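Residue 1 is where the sequence shown starts when you use our numbering, and the numbers rise one by one after that.
Hints are computed from structural coordinates only; laboratory data are not their basis. Small disclaimer: the values here were computed from a predicted structure and weren't measured. Some clues are possibly wrong.
[To be verified] Taking lysine to aspartate or glutamate pairs in the EDC-like style, the calculated list, with each CA pair at most 16 angstroms apart, reads:
(1) Lys26 x Asp85
(2) Lys75 x Glu87
(3) Lys26 x Glu87
(4) Lys75 x Glu89
(5) Lys26 x Glu89
(6) Lys26 x Asp62
(7) Lys26 x Asp54
(8) Lys26 x Glu68
[What the hints assert, rightly or not] Between beta-carbon pairs, the in silico distance windows are:
(9) Glu12 x Leu78: 29 to 35 angstroms
(10) Gly99 x Arg35: 21 to 27 angstroms
(11) Glu93 x Gly4: 22 to 28 angstroms
(12) Arg97 x Val19: 32 to 38 angstroms
(13) Gln76 x Leu98: 21 to 27 angstroms
(14) Glu69 x Arg16: 16 to 22 angstroms
(15) Arg50 x Gln76: 18 to 24 angstroms
(16) Arg17 x Glu69: 33 to 39 angstroms
(17) Phe101 x Lys75: 31 to 37 angstroms
(18) Glu87 x Leu59: 19 to 25 angstroms
(19) Leu78 x Asp55: 31 to 37 angstroms
(20) Ile105 x Asp32: 19 to 25 angstroms
(21) Ala79 x Thr103: 26 to 32 angstroms
(22) Val52 x Arg74: 16 to 22 angstroms
For each residue, glycine too, the CB sits at the ideal point set by N, CA and C.
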Amino acid sequence: MAAGSQYVIVWEFRIRREVEAEFVEKYGPEGDWARFFRRSRGYLRTELVRDVADDFRFLTLDYWQTEEEFNEFRKQNLAGYERLDRELESLTEQETRLGAFWTGIKS
């Protein structure tokens, strides 16, 4: 990919109404996932966005320097990744990986 591009993984979440504040805390840029990802030098940041028409639908955007950096981190930290996913699954009704994308696309 072009120099300056970033690898972004996008997840969609439908959350339970009664846990909205906890979800925002855990999945936001200073939350549990972001702290976990910060163990990798290749991790850049996490953004949490809310749907303008549906208060209980969110997207997370996890930014990495490269796809390889993410894959290596996940491979080396798989047990912790799966543990954290299990710990937080009660906050969501549905979780869908929408895909991975590159930033900095030029025509």
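Okay, the hints, checked on the actual structure:
no.	hint	result
1	Lys26 x Asp85	holds (11 angstroms)
2	Lys75 x Glu87	violated (19 angstroms)
3	Lys26 x Glu87	holds (11 angstroms)
4	Lys75 x Glu89	violated (21 angstroms)
5	Lys26 x Glu89	holds (11 angstroms)
6	Lys26 x Asp62	holds (14 angstroms)
7	Lys26 x Asp54	violated (19 angstroms)
8	Lys26 x Glu68	violated (25 angstroms)
9	Glu12 x Leu78: 29 to 35 angstroms	violated (22 angstroms)
10	Gly99 x Arg35: 21 to 27 angstroms	holds (24 angstroms)
11	Glu93 x Gly4: 22 to 28 angstroms	violated (37 angstroms)
12	Arg97 x Val19: 32 to 38 angstroms	violated (21 angstroms)
13	Gln76 x Leu98: 21 to 27 angstroms	holds (24 angstroms)
14	Glu69 x Arg16: 16 to 22 angstroms	violated (32 angstroms)
15	Arg50 x Gln76: 18 to 24 angstroms	violated (32 angstroms)
16	Arg17 x Glu69: 33 to 39 angstroms	holds (36 angstroms)
17	Phe101 x Lys75: 31 to 37 angstroms	violated (21 angstroms)
18	Glu87 x Leu59: 19 to 25 angstroms	holds (21 angstroms)
19	Leu78 x Asp55: 31 to 37 angstroms	holds (33 angstroms)
20	Ile105 x Asp32: 19 to 25 angstroms	violated (31 angstroms)
21	Ala79 x Thr103: 26 to 32 angstroms	holds (30 angstroms)
22	Val52 x Arg74: 16 to 22 angstroms	violated (31 angstroms)
When held up to the earlier numbered hints, the structure conflicts with 2, 4, 7, 8, 9, 11, 12, 14, 15, 17, 20, 22 and fits the remainder.
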